[in-house]
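**Q** One-letter residues, chain by chain:
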Amino acid sequence: MTRVAVLKGGRSLERQVSLRSGARVEDALADLGHEVVGIDVGHDLVTRLREAAPDVAFVALHGRDGEDGTVQELLELLGIPFTGSGVWGCMRCADKVIAKHAMTEAGIPTPEFYAFTETAFKELGAADALGEIEQRLAFPIVVKPSDQGSALGIRFARSAGEVPAALVAAFSYSERVLLERHVHGRELAVSLLDGEALPIVEAVPREEDFYDFSARYTIGRTSFVCPAQLGDETTERAQALARDVFALLGCRGFARVDLMLEEATGELFVLEANAIPGLTETSLLPQAADAAGIGFEALIGRIVELALAPAPAQRA
Amino acid sequence: MSRDRSRATSRDLERYAGLFASRTKVMKSSAMRDLMAITERPEVISLAGGLPDTSTFPAESLAAITAKMAAENASRALQYGPTEGLDATKDCIVEVMAAEGTTVDREDILVTTGGQQVIDLVCKTLVDPGDVIVAEAPTYPGAVPAFMSYEADVVQIAMDADGMRVDELEETLDRLEAEGRRPKFIYTIPSFQNPAGVTMSLTRRRRLVQLARERELLVLEDNPYGLLRYEGEPLPTLHSLDGGDFVIYLGTFSKVLSPGIRLGWAAAPPPVLEKLNLGKQATDLCSSTMTQLFVSTYFAHDRWEDYLRSLRDLYRRRRDTMLDALAEHLPPEASWTRPQGGLFIWATLPEYLDTTDLLARALSRNVAFVPGRAAYADGRGAASLRLNFSGVGEDDIREGVRRIGAVIREQIGLYGTLTGAHPGGADAITEPAAAEPAVGLADVVELPRGREGERRSDAR
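Chains D and B supply the protein sequences, listed in that same order. Going left to right, the first sequence walks through residues 498 to 813 as the working numbering numbers them. Going left to right, the second sequence walks through residues 11 to 470 as the working numbering numbers them.
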């Protein structure tokens with residue numbers, strides 16, 4: 498029997514989702530016969546981890562602190578093995594700008610983008626360059642915070658007039674915001690377990706042209722198709738891209754890579770990688786694992802095993 | 011027995027999805043709800059709740075009343091009661107309504123589990139999918155999900171400093187009639203409206219009641235705050251103006267005593283009351299006998315009006331503190347209402363700001379409010395926010411408003427920079443505007459208006 502601390506909740510805007518992920522993970526671990534200590538992450542995290550003295554920590558946190566390497570740094574310091582990616586892997590996934598630059602450099606297709614801090618607009622006159630950006634990206638432009646895990650703060654600007662308000666909205670969530678070319682097409686999610694791609698999930702929005710934060714977590718709002726109805730060649734390409742991104746960003750254990758299949762060109766573009774994808778009833782990773790014949794319990798068990806397996810050093 | 015929730019798979023989810031009633035599709039689960047969950051963290055100054063300050067109710071009194079109730083009525087308190095409520099409790103309700111000049115018979119009252127249950131029961135009794143409910147714009151955020159879950163088409167009528175624009179209501183009723191649609195009821199909070207804080211004038215009250223009578227429409231008068239008036243002359247309730255023929259009155263003990271006891275009531279025309287009673291039987295048989303007896307024991311002490319007076323003094327000070335803080339910290343682009351009572355102030359910002367996003371930024375400074383969108387069924391209200399002044403102390407009100415003012419200024423400054431209105435907009439951020447005198451603000455209430463003829467069309 499292994500003593501597992503499940504880290505959940507926390508202060509991030511995705512607290513509620515994380516609590517749901519954590520609860521499901523706790524159930525699965527208990528059914529697998531592990532000793533489970535649930536920890537709602539707060540000021541006393543270090544104390545509680547020392548008291549609990551777990552063999553391994555299951556990080557079921559989403560968003561800031563939990564998914565960006567902060568909690569991972571603490572766990573490394575305390576010498577507690579933990580699930581998922583290490584500090585550097587988390588940092589690279591959590592910051593969409595860093596991830597996209599890494600992808601661009603490695604030749605992995607990602608939609609063209611420009612990223613700015615609030616300071617760039619306030620002190621360096623970046624607003625004067627908006628016209629050029631708008632010309633290069635063409636409308637609609639996607640405006641999003643660089644390090645917000647969920648769909649919070651993501652806006653479509655359909656005209657130049659809509660760009661400032663969209664930027665103000667996105668800056669509510671992050672100090673850095675990116676303007677990205679909108680890829681019109683199908684939204685695909687490739688989940689990975691131990692670096693191997695699972696069957697692809699396609700998210701089909703039912704109502705809006707862009708599926709919003711609530712839809713991601715509400716049964717019946719978005720339909721998910723798994724495995725996605727794609728040709729073999731496209732499936733293989735998407736999975737290969739996801740594997741490349743997983744390796745490129747230094748992910749460990751599991752992750753989810755989101756892509757767009759452009760309708761006009763049939764090209765694939767990687768939007769982002771999630772170091773700790775959701776583990777709720779409607780989350781995509783559990784659906785993908787299930788389609789591969791890996792039940793939820795087995796999935797959670799495997800993720801814990803991977804955390805306990807000897808791993809290559811996470812830090813340079 | 012171990013739960014096997016962890017086995018829920020995509021196939022199970024598909025199956026569940028097929029089982030859900032169509033009304034669940036319009037039940038709202040929003041980003042806002044997830045954001046609101048964070049407002050409960052202890053370090054957050056929350057101006058978001060609609061909470062009365064229950065800390066002022068002496069613990070000894072609670073203990074003494076409970077002990078007395080147990081000594082006198084233990085077996086009754088532990089037993090089921092009649093669906094319509096205990097007579098002793100209804101007598102207290104008659105007394106509370108009389109304090110506002112409204113006469114009602116005990117037989118016309120249905121005791122409910124909170125005022126919220128009245129909203130639910132009225133919908134359950136009157137609304138078929140697609141039926142129209144007329145409400146104020148903005149309306150009580152807690153009513154929106156109730157209306158949605160009955161698949162109502164909510165048509166919202168603009169307000170100004172004198173409450174619901176009854177002229178616009180008339181136009182809307184004409185238009186609906188021309189379309190062959192008859193609203194089932196008109197939902198209004200005439201006094202110290204939640205969330206707008208405004209109060210319907212006597213002229214409009216009379217006209218509204220007259221309209222309901224002429225057109226044979228029901229009005230649901232939601233009056234949780236009527237007794238929490240801090241200035242000005244009391245106004246008659248719609249129920250008292252109408253005599254109770256076309257007005258369903260909703261009352262609650264939540265704001266004059268405690269929301270924890272979960273007791274409210276409806277006073278309605280007998281045929282409507284009978285249907286509400288049947289609806290309630292199916293919902294929960296009866297409201298808690300224990301808290302009903304708690305209320306009647308408490309009222310027997312004859313001190314409820316003293317406690318109410320102490321609440322009024324407390325909330326008046328807090329309202330004044332908030333109004334002063336708003337004048338000091340909000341930029342000139344913002345406007346807000348000046349309530350004469352109740353618990354809420356409604357502030358409106360430039361239309362390019364979205365207060366749901368603003369809330370995310372505010373939460374990073376540990377302060378919270380309710381984004382205005384929650385008060386609309388049709389996605390409007392994005393530039394407004396609701397502030398509560400009853401739930402936290404004066405120091406927290408000042409600090410909370412200061413922080414909210416700071417994030418608003420940052421966003422306005424940034425927008426100015428982005429649009430070239432304020433090149434190098436840093437000064438717009440750091441320079442607080444001269445304090446606007448609070449006087450006259452009631453005249454500049456700006457409540458967002460819908461586009462002409464706009465109504466919810468995505469309900470079904």
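Among the hints, erroneous ones may be present.
Examples of chain B residues toward chain D, derived with CB under 7 Å [as the list claims (entries may be wrong)]:
hint	residue
1	47
2	89
3	90
4	362
5	367
6	370
7	375
8	376
9	428
10	429
To give a feel for the contact side, a few chain B residues facing chain D, derived at Cβ under 8 Å [said to hold, decoys possible]:
hint	residue
11	321
12	364
13	412
It is worth saying that the hints were derived from the structure and are not from the lab. Where a beta carbon is used, it is the ideal one built from N, C-alpha and C, also for glycine.
**Q** Please go over all the hints and tell whether each is borne out by the structure.
**A** Hints, one by one, checked against the model:
1. Look at residue 47 of chain B: its Cβ gets to within about 5 Å of chain D, closer than 7 Å, so that hint holds up.
2. The interface hint given for residue 89 of chain B is broken, as the beta carbon of that residue sits about 37 Å from the closest beta carbon of chain D, more than 7 Å.
3. A least Cβ separation of about 34 Å between residue 90 of chain B and chain D goes past the 7 Å threshold, and the interface hint is therefore violated.
4. The interface hint given for residue 362 of chain B holds, since its Cβ lies 4 Å from the closest Cβ of chain D, which is under the 7 Å cut-off.
5. Hint status for residue 367 of chain B relative to chain D: holds, with the closest Cβ pair at about 4 Å, below 7 Å.
6. Among the interface hints, the one on residue 370 of chain B holds; its C-beta lies about 5 Å from the nearest C-beta in chain D, closer than the 7 Å criterion.
7. Among the interface hints, the one on residue 375 of chain B is violated; its C-beta lies about 11 Å from the nearest C-beta in chain D, farther than the 7 Å criterion.
8. Among the interface hints, the one on residue 376 of chain B is violated; its C-beta lies about 10 Å from the nearest C-beta in chain D, farther than the 7 Å criterion.
9. For residue 428 of chain B, the interface hint holds, the least distance from its beta-carbon to any beta-carbon of chain D being 4 Å, beneath 7 Å.
10. With 7 Å as the threshold, the beta carbon of residue 429 of chain B comes within range of chain D, its nearest partner Cβ sitting at about 5 Å, so the hint holds.
11. A distance limit of 8 Å between C-beta atoms decides the matter here; for residue 321 of chain B the minimum to chain D is near 33 Å, and the interface restraint is violated.
12. Interface hint status for residue 364 of chain B: upheld, as the beta-carbon distance to the closest one in chain D is roughly 5 Å, under 8 Å.
13. Checking residue 412 of chain B against chain D: minimum C-beta separation of about 18 Å lies over 8 Å; hint violated.
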